[in-house]
Structures are given as C-alpha cells and as structure tokens.
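Enquirer: Spelled out from the first residue to the last, the chains are:
Number of protein chains: 4
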Amino acid sequence: TLQHIFKEIFKASLELQEDDNRKALLVSRKKHPENTIVNVKGETVGDGEQRLIMGPCAVESYEQVAAVAKEVKARGLKLLRGGAYKPRTSPYDFQGLGLEGLKILKRVADEFDLAVISEIVTPADLEEAIDYIDVIQIGARNMQNFELLKAAGSVNKPVLLKRGLSATISEFIHAAEYIVSKGNGQIMLCERGIRTYEKATRNTLDISAVPILKQETHLPVLVDVTHSTGRRDLLLPTAKAALAIGADAVMAEVHPDPAVALSDSAQQMDIGQFHAFVDDLIASGLYKDATKTPQ
Amino acid sequence: TLQHIFKEIFKASLELQEDDNRKALLVSRKKHPENTIVNVKGETVGDGEQRLIMGPCAVESYEQVAAVAKEVKARGLKLLRGGAYKPRTSPYDFQGLGLEGLKILKRVADEFDLAVISEIVTPADLEEAIDYIDVIQIGARNMQNFELLKAAGSVNKPVLLKRGLSATISEFIHAAEYIVSKGNGQIMLCERGIRTYEKATRNTLDISAVPILKQETHLPVLVDVTHSTGRRDLLLPTAKAALAIGADAVMAEVHPDPAVALSDSAQQMDIGQFHAFVDDLIASGLYKDATKTPQ
Amino acid sequence: TLQHIFKEIFKASLELQEDDNRKALLVSRKKHPENTIVNVKGETVGDGEQRLIMGPCAVESYEQVAAVAKEVKARGLKLLRGGAYKPRTSPYDFQGLGLEGLKILKRVADEFDLAVISEIVTPADLEEAIDYIDVIQIGARNMQNFELLKAAGSVNKPVLLKRGLSATISEFIHAAEYIVSKGNGQIMLCERGIRTYEKATRNTLDISAVPILKQETHLPVLVDVTHSTGRRDLLLPTAKAALAIGADAVMAEVHPDPAVALSDSAQQMDIGQFHAFVDDLIASGLYKDATKTPQ
Amino acid sequence: TLQHIFKEIFKASLELQEDDNRKALLVSRKKHPENTIVNVKGETVGDGEQRLIMGPCAVESYEQVAAVAKEVKARGLKLLRGGAYKPRTSPYDFQGLGLEGLKILKRVADEFDLAVISEIVTPADLEEAIDYIDVIQIGARNMQNFELLKAAGSVNKPVLLKRGLSATISEFIHAAEYIVSKGNGQIMLCERGIRTYEKATRNTLDISAVPILKQETHLPVLVDVTHSTGRRDLLLPTAKAALAIGADAVMAEVHPDPAVALSDSAQQMDIGQFHAFVDDLIASGLYKDATKTPQ
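Here the protein sequences come in this chain order: A, B, C and D.
First residue of the first sequence: 1, per the working numbering; consecutive thereafter.
First residue of the second sequence: 1, per the working numbering; consecutive thereafter.
First residue of the third sequence: 1, per the working numbering; consecutive thereafter.
First residue of the fourth sequence: 1, per the working numbering; consecutive thereafter.
If we strip away everything but chain A, and leave its shape as in the complex, we get (with noise of 0.2 Å):
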C-alpha cells in the first residue's frame, strides 16, 4: 500500500509537472482558452468558417499567377499561395524568382483583390518582402531555423508556419512559441506530412495532429493536401478528411499547366481539376464555407 500511495504520487506530480509546462506556453490553450482568429486582409481563418487557399508552387510569370488568380477569384476564394523563393533539395534546381516574384504577386493581389501567402527563408529578405505579401510562410525546412521565427515575430504580418519534416508536435508548438514570444501572436500551424518510412505518399499525412494542435493550441490549424500526399489523385480525398476533422483551412497547388511547371510539376492540380475539387468538396458537404462560393 505504501508502494500504491507512492505510485499515486508519482502520476499526479507527472500530470501537474505536464500541465504546468503547457500551462506556461502563451500559445497554450490553457492560458488564452479562446481561439485565435487571423485576419489576412479580411478573410478571416479560425472562426469556424473553413477556407481554401490555392495557388501555384513557385511564381513563374506574371501571367502564371493571374491566370490562377482569376480562377480563384471566380471561385469566391481569397487566399492565393505562391512561392518567389524557393527552399530546393539541390542548389542546381529552380531557386525562385526572388524580389521579382514578390513584385508579380503584389501586382496579381491588387488587380484581382486577393491576399498572398508567400514563404520567406531568411530574417535578411523580411524587411523588404513584408511590404508586397500579406502572410509570411515559414516552411517545413525552416521551423527550426529560430531566427528566422524571432524576426517573423518582430513585425505585424500574420505567418503560416509549417510542421517540420520530422517536427514532434511538441517541437511544432514551440516554434510557434518563438514567433508569439517577440510580439506576433497572428499565426496559423499547418500540418503537412511528416517524413516516415512509408513511401507511396511523398510525406504521410498526420491527421490526427490536427485535433491534437486545435486542442493544446488556441492557433487556426490548417492542412497542407499537397506536400502531405506529393500526389494528386489524393488531394480530394485528404481534403475531404482535413474538413471532416475540423482544419481551419485546406491549401492545395493549382498551376495553370502543371506538366512545364518548374517544380512539383507532378502534384499540382490544372485549372480544371482545381474547379472539380472545389465543386467535389462543396458536393460532399463537408466545406463550411460553402456558401460564400459561387457554382
């Protein structure tokens, strides 16, 4: 019995030691139990509505924006992703158009009334990118490069920041802790696969760390279908999965002709693919933001 009571000890001091550390963390749902809604040029994400955010890999061309652009438009969408520098395996493949892509999206978001979501490498290029994007994307390569998430947490732009390739969910939530922790509490967490041995998805998809994400955090949590999966034919049905278990958003590539694409040619959806997704998930009845898209 002395053995008992010493056991009964030790796991409440274990919950108390867990629920202090959690507790402690200004991303914790536990010290701010409301949600945090962030609001990209009025198009708010983690109110209950459920948004999509499309848009092509990399920025290529003016007219490669604007053609999707158009199309996302036309669908009563808001967010356009679109990627100027590009974090590549190797220093031989397609790095991006730089300053020069930012320009073209800030071009495409004022003709066409969107909000861009562009990813920014390094604290050195922040300054000047914040003026021509509306969110700051830390991706999967950097969720662990602290200074870059220190100087993201120094200026007034919302971030969507990515999971790490093999990021604990614990790791994910801390990273989040070093933007909130210099000032900007306007973040969205996006899931998107975590590097396992399985390999007929590029990534495996962790769904689960949705709920997970949504309940230790008080952050809009969205669901990256692209990267996650490095598949097309599984986009709709991921997508499906991500609005069926409570994702604030789901982000998914269009490119207008995804076979020249410069990167990712092979995961990126074609305009008309991009309208039969948007019809499927609104069919399904599982997109709560159904009703502000016109059919």
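A few of these clues could be false.
[Unchecked claim] So, partial list: chain D residues that the calculated Cβ filter (under 10 Å) puts toward chain A:
1) 24
2) 37
3) 87
4) 89
5) 90
6) 170
7) 171
[As the list claims (entries may be wrong)] Below, a list of computed lysine-lysine pairs in the BS3-like style, where the Cα atoms sit at most 30 Å apart:
8) 103/B / 182/C
9) 182/D / 103/A
10) 182/C / 199/D
11) 157/B / 30/B
12) 157/A / 199/D
13) 199/B / 31/A
[Stated by the list, open to error] Far from chain B, by Cβ distances over 12 Å, these chain A residues were calculated:
14) 95
15) 98
16) 110
17) 115
18) 203
19) 233
Treat the hints as calculated values from the structure; they're not laboratory data.
Don't be surprised by glycine CBs; every beta carbon is placed ideally from N, CA and C.
Given chain A, work out where chains B, C and D should sit, using these hints.
Expert: Same frame as chain A, now just chains B, C and D:
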C-alpha cells in the same frame, strides 16, 4: 535526342513493369475492377454503406461482453469485436481467455443476433475457433505471419486483416494476396496506424492509406481509430476523417467500465461515450449508414 | 522549495519504477549479472570470443550448401546458417524447400561437423525441425508471433531471436522473455536493422542497440550485417563496427553464385568475397576469434 | 526474349541516369576521386589519421571553457568545440552567450593553441563570427537552411556540416553541394543520428552512413556520438564503432561539471570521464591517431 529517346523508353518500360506486377495480383483492382462486398451474417461491408464495428478490447466475462452487445444492438449495429487471444508485449500481461472467450462471444452473438469478430494468433487455433466466430481477425503483429495467412486463406470465413506496425502499403496488399491465393477472397483491410517518431499518439493514423488501398485493391477498407491514436479524445475526430475519406467501416473499442479493463484501459469508450460517439457521427452527416441507426 | 522536493520525489519514484520493471524480467542483467553463454554443439557464443555465422540466405540444394560449408569449415568456423522455410513478402516468391531443406542442412552439418541455424516460422513445424537443426532462428517478422516464441521456449535447443522490423529494444527484450518464461534460457539476440525513412540501406543498422542489449540483458548479442544493410559493399565496414562495439557474433550471407540465388541475390557474398571478408576482419585486428582461424 | 532485352535496356538506362546525376555534383567522388583533406589551423582531417573533437555543449564562461581546453591540450588534441549560438526547442531555454561566447572561445584558443569549432545559425552572424572561430558548424536543424549554406560557401573557412534530424543521405550530400557550389570546398560531414521510432537513444546513430558518405563523396566524415545517443554510457562504445568503420573524427561533449551545465547535462562527460574515454580508445587499438597522444 538519342538520350531523350532512351529516356522515354526507360520511362515506358518502368511503367509497364509496375503495371504488370500490380495486374498480376488477385487482390488488384486492375484484375477485378468491381468492389468486393464482404457479407458477415447478412451485414455487408464494402457496398458504399459505412459500418461501425464496436466492442471491448478483450473478452473478460459474459456480463462484460453482453453489456456492450446490448448497446451495440440498440443502435442498430450488427458487428461486435472482442479479443479472446490477446497478443501482448509482455508474457506477464493478461493473455486473454482463449477458447473460453470465444464461447462467450458466441453466446452473446446468438442472444443479440450479432456477428462477432475476434483475433486468431496461430494456425492451430483456427479450426477450433471457426465455429465460434463470424470474422477471423489477423492482428498487426501477425500481418506477416505467413503460415497464419495461408491458414486463414484455406477456410470459408471472412478475414479482417490489420496492417502491420510498420508495414508498407505494398506489403499489406501482398499479405492479403497470401490469403486470397489460398482461395478465400472475403477479406477486409484495416488501417490501424503506423509506427513513427511521433509519440503524441500511440501510432500515426495513415489516413491516405484508405484511398490508396481502395484504388489499388477491390477490397473493403476499415479504420481502427482506437489503435491508431491510443487516445479516447481522438476517437471521434479521426472517425469523422475516416468516414469522410471513404472508409467502409470504422472500428473502435467500448468497455462497460474502461478503468478496470484488463487491457487498453486508457483508450476504450464507456457506454455513455459510445452513444455520444454514434450520436456525433450521425449529427455530422458523415456517416452513410445513419438511416439504419435508431436515434 | 516544496515544488523542488516534489520534483525529487517524482524523479526518484520514476527511477524506482523503471528499475523494478527491469529487475522483474528473467532476461534482465539485474536479475542475473553473469553473461549467458550459449553452447551450440561445442561452440560457445557470449563468452568474450567473437564468432562469424555464415551461410546462404536460402537452402537451394545439397551442392549449394555443401559448397559454402566447405569454405566455412576451411576458415575454422563452426556455425552455418541457411533458410529452409522462407518468409517472403509475396506468395509468388520462392518459399524455401521446407523439410527437404532441413534434411540438406543436417546432412551437410554431419559431413563437415558444423552446427546449423535455420528459421522456423510456425509452431507446428518446430517438433519436426528440431531433429535437423542446432539453433532455432525466429525471424524479424515473427518477433511478436507469441505462440511461436512460447513453442521455442518449450524445447531444449538454442534460439536465435531477431529483432522485429520496427520493434523497440524494450519489445525485443520482452519477446526474449516470452521464450525464457517457458523454460528455455539459451537465447541469442540479433540486431538486424530497423525500418526508418532512410532508403540508402535496406534497413538502418541500430548499432547502439548492441551495448544497450548487453547492458540490459545477460544474453549474447549478434549483428546480422546482411539484412541490416542489404548492400554487399557495406558488409565489411558494418561487421567491423559490430565487432568494435562488442557484438558476440556477426552474421552474413554467402552463396556460391549470388547472381542466380533464389532470394536476396544482391546482398550475398560469393566464395571469394567471403574469404576476403574474413581476411579483412582478421587484418583489422578487431576480430577476437582470429587466433582460431587458419589463414 | 524481347522482354528480356527490354529489361536489360531498362536496367542499363537506370544505372546510366543515376551515375550521371552523381557525377554532376562537385562533392561526388566520381568527379574528384582523391580525399579532400581539411586543414584546420595545421590539424588535418580526412588524411587517414583519426581525430577527436571535444568540448562543452555550450560556452558558459571563460573558466568553464578553459578548464576543458587544458585537458584537451594535455591529450595532444587540437580541435575544441563549444556552442555560442544555441538553437533550442523552447524560446525560454538558455540561448547561448552569442558573440560574448565566441570571444571566450577565441581567447581560450589563443591561450592553448587550439582550433575552435562553433555553430552559426543565421547568415547575418557569419561575418562577425568568422574572426573568432576556425570552423563554422552548421547544425542539424539548419542543414536545409539554404541561405546559411550559401553564406558559409562564400567565406574562406572550413565548415562542419551536420546531417539534419531526418535528412536522407542524398539530401545531406546536396546540402554540402550548396556550400561547395559557392566556392568553399573545405567541408566536413558529420553524422549525428537520425530520428526514428526508437526512443532508447535520443536519436538513432546511422553508422552505415559513414562508409556510404565516404564512398559517394570525397569529404571527411565525422561522427558526433553525443547527439547520436544522448547517453553518456554509450559514448565509448559508439566511438569505437565510428573509428572501426572509418570515421575521420569523433565528436563528443565534455563539461567540467555536467550536473550544472546549462544544456545537455545528461549526456556530457566530466573531465575524469573524458580521460577514461581517450584512454579506452587508445587501449582498444582502434584510434589511429594514438601515437600523437601522450598517455
């Protein structure tokens, strides 16, 4: 240009080879495009309707199983799960009631007109067990126990095959092929989470495996939300994701008093939670069998 | 300070609990500090000397096994491996010669005065097999085939237990406990690589498992360099690492003509490579059994 | 037979393509068969001699670093490690002394005639840091911080590049290519364990990566035994494995008083353990630099 032609030949031959391999398997949809519908004592799995398979982790007593069966029956469900032979990490953990457990399942099944699913762990037990159960379950740890697969392939009884702890989708499909190659094509595949570095959940539910398995094979695909997550708070959200992505059935554990369960006490639902679970799935509009379920 | 005291109690109780658990196991070094030395037909494993266990992946014919056995004998080695029951991913791959294969092994063992190690895959085969082999191998796919473990624990014959494809060290130790709990303590543990995201090797050799297993248990620990790496060019370097870190034996596959082998053709050494392998290990000074090996 | 010819063409073209890709990289041994020998203030790495790189996890004070440096010097070693910018999971953990830490390292290096290795975490710090350190370390979390790689490639100072937490060997090689593509070829690759499901060690030391990296590239390959294992009791056995498999250097952490260390207290050696570690490596006969080390 010679190099280009060479490349094209290369790609074509690669695809041809892969197609050939897949076509050769009896479980392949290429070989047999129509869905296999498994009939379990009159209840169908794989025909577009979605089923719930519920019951205790382990059979502990007649009273315990009957208590769950009564509620399962009350919701119009037909499929009851319960383990009699329990594969446990330690030899000193509860190993199940064995044949006695199967007899309890049979008695309960008869009384409530339910079909029972129970795991068999070695070929020698199969002959004896077959009179007591309606579906032979082959567990994750035995997915590549090829002698057991062959034995299950030699009887005329549906088989529920769980994916191995770290099995690839291809290995999972080949394990099913072992069964069908012996003559038994009544197979249900069950995704139950894979082992990854992430420890926030007991395993990582590989939700993308569901559409891949349905595309590659003609067999029904189930999701076991209990073993995927190991967390009671994630059963409902992951069940929603499973239904949304097209799983033919969802499996979860229910126990009259989880706190005193002899195994898996932290992850089983109690009776009240079970009813809330079914209610919430119906309310979500995701559960395609809802019409049959009295509310 | 109250919190500090609480923390200390917490840590102490955590350590106490873990110690208790480990102490309770029969395989634990806490329970039995001396090394278990397994005696295989006069050849010892686990006494500080280091052994090489070589032989073909699968038994294909008397001539094939004898050709390897002759060379193994010529180097003063005693332990010959060869598979008669082959667990294969696909039912259409070569499944081994079964009992016929065991008879070949027995004949070769008698002619060359060697001890033979061969995998058994199901309890039903065990009784029959036991007259033909000197060590029962339980393969990675069957590490948690608990009925097979119990059966192997009930006979009086050394067991070589391989670590499961994605088994934790703790699960591996508990699998050995299943065997010893039935009365058979003549167990050798074999690290053979674990499944990870890295595909440059067939599996990832978890070299740290060797000192951990030797510390946690009193059993001999082996390293199978063939299945860990799946690459002929890595057999020698990983064998050196295994000997340097204290493995009691190294296991590798040798075939008279790997190119026509019915399984694992890409990773077996031919006779010339086998001699070069032994020569290089002796020359490295790492191989503690070198004095017994004629050059 | 037509099919057979087709298959042969297929295999040949596959090999050709892979060879082409590898040959194209500047770090590839196909491009540059001779070993790159990195010269750090007169100490060579990669020339067949084997080195030990020791020092505290984090620079905490002049006294702390000097206490370790004195012992390192006493053993005839030349390379001292120590972190000034510390990438930490939580923003509330000790973040390192920054520039102040680099100044301490420089002062100690001058006094004891040692070369110092320290991690740089963002391009902006590089210019300033370069006057204080002899080797730029790029840590696991920044292995795909491509802007940092490019910055390190643009200076004339050796770089120690650590493998990412879940980087493939191919990604690791391409990260090195980012550095050399900017003009700096003085690169050392460091295996430091990969993230897997196994939690008995902090990471899983991928020992096979050493011979693969030496075969695929012409760069020196190191093994960090501290971060691979996260366990003081495994430093010596894994160091032996690393030396036996052909690592050009072994890295490990030493602290005058690990119990009060501001980071990684559980895994650093104290001074006595450091001397025992060096003694044991010399006694093992594995350490090829032993002749230079006074005993």
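Enquirer: If a hint holds in the structure, say so; if it does not, say that too.
Expert: Taking the hints in turn, this is what the structure says about them:
| no. | hint | verdict |
| --- | --- | --- |
| 1 | 24 | holds (8 Å) |
| 2 | 37 | violated (24 Å) |
| 3 | 87 | holds (5 Å) |
| 4 | 89 | holds (5 Å) |
| 5 | 90 | holds (5 Å) |
| 6 | 170 | holds (8 Å) |
| 7 | 171 | holds (6 Å) |
| 8 | 103/B / 182/C | holds (27 Å) |
| 9 | 182/D / 103/A | holds (27 Å) |
| 10 | 182/C / 199/D | holds (29 Å) |
| 11 | 157/B / 30/B | holds (25 Å) |
| 12 | 157/A / 199/D | violated (38 Å) |
| 13 | 199/B / 31/A | holds (23 Å) |
| 14 | 95 | holds (24 Å) |
| 15 | 98 | holds (31 Å) |
| 16 | 110 | holds (37 Å) |
| 17 | 115 | holds (27 Å) |
| 18 | 203 | violated (9 Å) |
| 19 | 233 | violated (7 Å) |
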